[in-house]
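There are 2 protein chains.
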Amino acid sequence: MLQWLRSYRREALAGDVGAGFIVAMMMIPQGMAYALVAGLPPVAGLYASILPPIIYAMFGSSMTQSVGPMAIVALMTGAIITPLAHGSPGLHAVLAGQLALIAGVVLLLCGLLRMGFLAGFFSRPVMSGFTVGSSLVIVHGQLKPLLGASFPHMHLPSAALGLGAIVLLVLARLYLSPLLQRCGMGAGKADIASKLAPMLVVLGATALVAMFGLAGQGVAVTGAVPSGLPQLNLATSSQHWYALLKPGLLIGFIIFLISMSAAQTLAQKRNEKLVSNHELIGLGAANIASMASGGFPVTGSLSRSAVNFAAGAVTPLASIICAVLLGLALIAPTGWLALMPLPVLAATIIVAVLGMLELDTLRTAWRFDRADALAWAVTCIGVLVLGIEAGVVVGVVLSMGTLIWRASRPHIAVLGRIAGTEHFRNIERYPAETQPEMLMLRVDANLFFGNVEAVTERVEDELRTHPTARDLLLVMSAVNSIDTTALFALSELNASLKRRGIGLHLAEVKGPVMDRLRDSSLPDILNGKIFLSTAIAADFLHSRKKETP
Amino acid sequence: MLQWLRSYRREALAGDVGAGFIVAMMMIPQGMAYALVAGLPPVAGLYASILPPIIYAMFGSSMTQSVGPMAIVALMTGAIITPLAHGSPGLHAVLAGQLALIAGVVLLLCGLLRMGFLAGFFSRPVMSGFTVGSSLVIVHGQLKPLLGASFPHMHLPSAALGLGAIVLLVLARLYLSPLLQRCGMGAGKADIASKLAPMLVVLGATALVAMFGLAGQGVAVTGAVPSGLPQLNLATSSQHWYALLKPGLLIGFIIFLISMSAAQTLAQKRNEKLVSNHELIGLGAANIASMASGGFPVTGSLSRSAVNFAAGAVTPLASIICAVLLGLALIAPTGWLALMPLPVLAATIIVAVLGMLELDTLRTAWRFDRADALAWAVTCIGVLVLGIEAGVVVGVVLSMGTLIWRASRPHIAVLGRIAGTEHFRNIERYPAETQPEMLMLRVDANLFFGNVEAVTERVEDELRTHPTARDLLLVMSAVNSIDTTALFALSELNASLKRRGIGLHLAEVKGPVMDRLRDSSLPDILNGKIFLSTAIAADFLHSRKKETP
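In the order they appear, the protein sequences are chains A and B.
Numbered per our numbering, the first sequence spans residues 1 to 549.
Numbered per our numbering, the second sequence spans residues 1001 to 1549.
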């Protein structure tokens, strides 16, 4: 926390100031537009961009993360709040803050309890399917503000502004950077300058609205934006705590996932250590701050954070400067903000979100692992059909489902001795010798509740195909852990084998696993021995067999 | 399906008939009592015991499984239906059937889609905590019928009957079998005969009620039981489909888990193969049959199945005989069933459920793995505080949580060469030699979304502590699979290392994993080589270093 401030070097200042300015110029249209996605007045998006990044700078773990409103989180906020607010704008704002508070407290607690491992509940294909599905929902939701009327109808001046803005923004994305480079600007600088296009398009459109009085012709505009910094606001709605609890958990989870994936991308570029538990704490504190200053749930945004990094940000000072600039914009006369045309804000959202429609993950998964590709598709369709909240649940269930499914297919090899050696290998791959009175199995997986059933079934199958076996040797060289369920399964297997007069032996049990087993009764009740190596076990069991014919 | 019938041997008949009779004697009080737990008229419990076991005998996979009403499933049925039925007994019965239908269809579909691996979503400690929590909820719910009034009040004649029955049943459980053995009965037979105690106690109490007119003194009795077999009944409530969908999934899952654990215990005793997908199909068909014949959700019960097995059942014919006997009981004059005192039925439930209060799993988990013990406790408390439905969700989340938590701590060893050999070992455990320009790491876990973050973090940590390393060798001997998330993480690690001028090499990649990797672009973009063995890799990298100083 604030470690970077103590060791701040003056050389970093120019980069931090420049990046702060660029990101502030991105934040103004983005923040206002995402507030509209969340069903809130545009100024809420600016409020959510001031205090949260400052607080994140104090507690978060990523140096160049830009924390603030983000498309998917805004969409989810709107989806959660709208049915509860019953059309009351005041209640809507209170509930959005309350949702940020709940998510913030959850994130903070998870961070303090060191539960950063929770990110492992979503696989990358599921996250990608979730993002693409959410992006499509966002685009669909923006069609009405873009056209000024429900599709296929349109309000001509609004549609002209909105579609014109889309054309300009797409052209800017495709050609602005090369154009600037041809004008002699460096490649890096040109890329960054092109990120200012949305702000310029919005400013131009606002000028058009002011000049031609388009607001009077039915073009929706942002409306009066209250001047001044956000006030401390701790209003909550007492009867909605329970209704917001589960959604708060879900949105907190998504906030964490989105922010972590952005921060990881940057940390790898900077060769920097990212601590997921610090990230949880930073995001938690930022969301609580967002609630207190009239905002809504916030997270780290990859698009803004990447620009922040590329524009030269070295420390979180860039985010603080950005927040200060946004604060200044609110203290200055805010009249010009009131005339921003909503169709153009919708256009900026649509073009921004189109960038999230990546199909690379799906393509790779399709070639590499069909189960992952299926998980991608089901999550994406889940978001589209069941909504974004249910989509998160679908994603977790699918991630866990693929995990358990894979776990339920452990690799188990029947071992034989490579003639004349001390080596034992899979008889399917090597010309290894087996003996009828002894069955040797190597389990190539940790033993836990997700695969004990499959392991037991396989052991019984092998015993049925080796009816002469009087001894079963489990080679544990690949087993790094055993959980309580597996311990019970081993005990039950032991009891069952004992009844049938078959010895159960273990070999090559790893140190940590053996330490664990000593805490259980298994070594005492084992109907056989524990051997150091497979060779020792095979020799012993073979010689014993000769002695007791 | 019905394979056992074609190969039926006459010697099995005596055992099957005897077991069928014993289990029918258990079924009558149990079925009626569990119907009351589900909030249904007692006869529904008998209906649920006739058609479902016959259908299960056709499709199920366990030879001696006794399918029918079961305490926890009945409790869950009641908890799901009661808020929806708004006190209407007719609607309650329709919804109970509809719930069985939904659960049955879900189970059937899961079986046809070969999703037996779903059992892996619950660890044994979680299942044990769930069972103990549910048992306590059941006991608590039976206090009122036991005492004839809400505790601490009691209706004296009812409480006398109920508490008296408890004392008798507990005494029978403790001393009846030894007593019968002392009278010359064999140990096995005595154990089985003692299982008839509940039926005898209920019959005795019914006689008392009839003799002394206790029903007239306020002792609640079962009331008129319609004579005759259940009629085909396909009534459903059209507006409740959506409300019952999620509970139907949950109860289907629990039905499967309970039945599987019972069937596994028996299959191991019989050295018999159990196919989880067949079990799903059998249970699905049985539940649909239960709906069609006026019953409610059913499952395999360990207590009854164990008695069935111990009483000599060899094939599912035992279950069919049991069902036929129950059918005969319903065709015969049912007047005597009407006077069964509810306090005594409550007593049979309480004593039966006390047997499920096992703390052995908790004790073992506590010594063996505290995380599992915590999962036990949280699930149990979850059921008690949040209810049985939420308890299932808590259980799944905890099972998955412990799994992801463990996965997020993969074992990774820094390897060194045992001087003068081709062997490479963990430098923390062996006196192995490392070289400053080369870092060798062995990942002892499959690479998947749950641990890629931890692996990447560890790799970066090691690179920071080995700043002179120009080559990173990942030894993949313990990696049996790589999922899409891990593939992306490896690609990103590769890109990051390339930028820093560090080579990324792989060694000892297993055959199936290498086959998978060839479907991806990783081998092409790899900033290094793939080696057959660690020794070859170490020699090559070392000699190359000498060449390019």
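Derived from the structure by calculation, the hints contain no laboratory data.
Glycine is no exception: its CB is placed at the ideal position from the N, C-alpha and C atoms.
Mixed in with the good hints there might be a few duds.
A partial selection of chain B residues facing chain A, derived with a Cβ cut-off under 8 Å [said to hold, decoys possible]:
id: 1; residue: F1059
id: 2; residue: I1404
id: 3; residue: H1411
id: 4; residue: E1437
Away from chain B, derived, C-beta distances all over 10 Å, residues of chain A [as the list claims (entries may be wrong)]:
id: 5; residue: G90
id: 6; residue: F488
id: 7; residue: H542
Verification of the hints:
1. F1059: B:F1059 check fails; min Cβ-Cβ to chain A is 19 Å, beyond 8 Å.
2. I1404: holds (4 Å)
3. H1411: holds (5 Å)
4. E1437: Violated, about 18 Å.
5. G90: Holds, because the least Cβ-Cβ distance between A:G90 and chain B comes to about 32 Å, which exceeds 10 Å.
6. F488: Violated, because the least Cβ-Cβ distance between A:F488 and chain B comes to about 6 Å, which does not exceed 10 Å.
7. H542: Holds, because the least Cβ-Cβ distance between A:H542 and chain B comes to about 25 Å, which exceeds 10 Å.
Comparing the model with each earlier hint shows violations of hints 1, 4 and 6; every other hint is respected.
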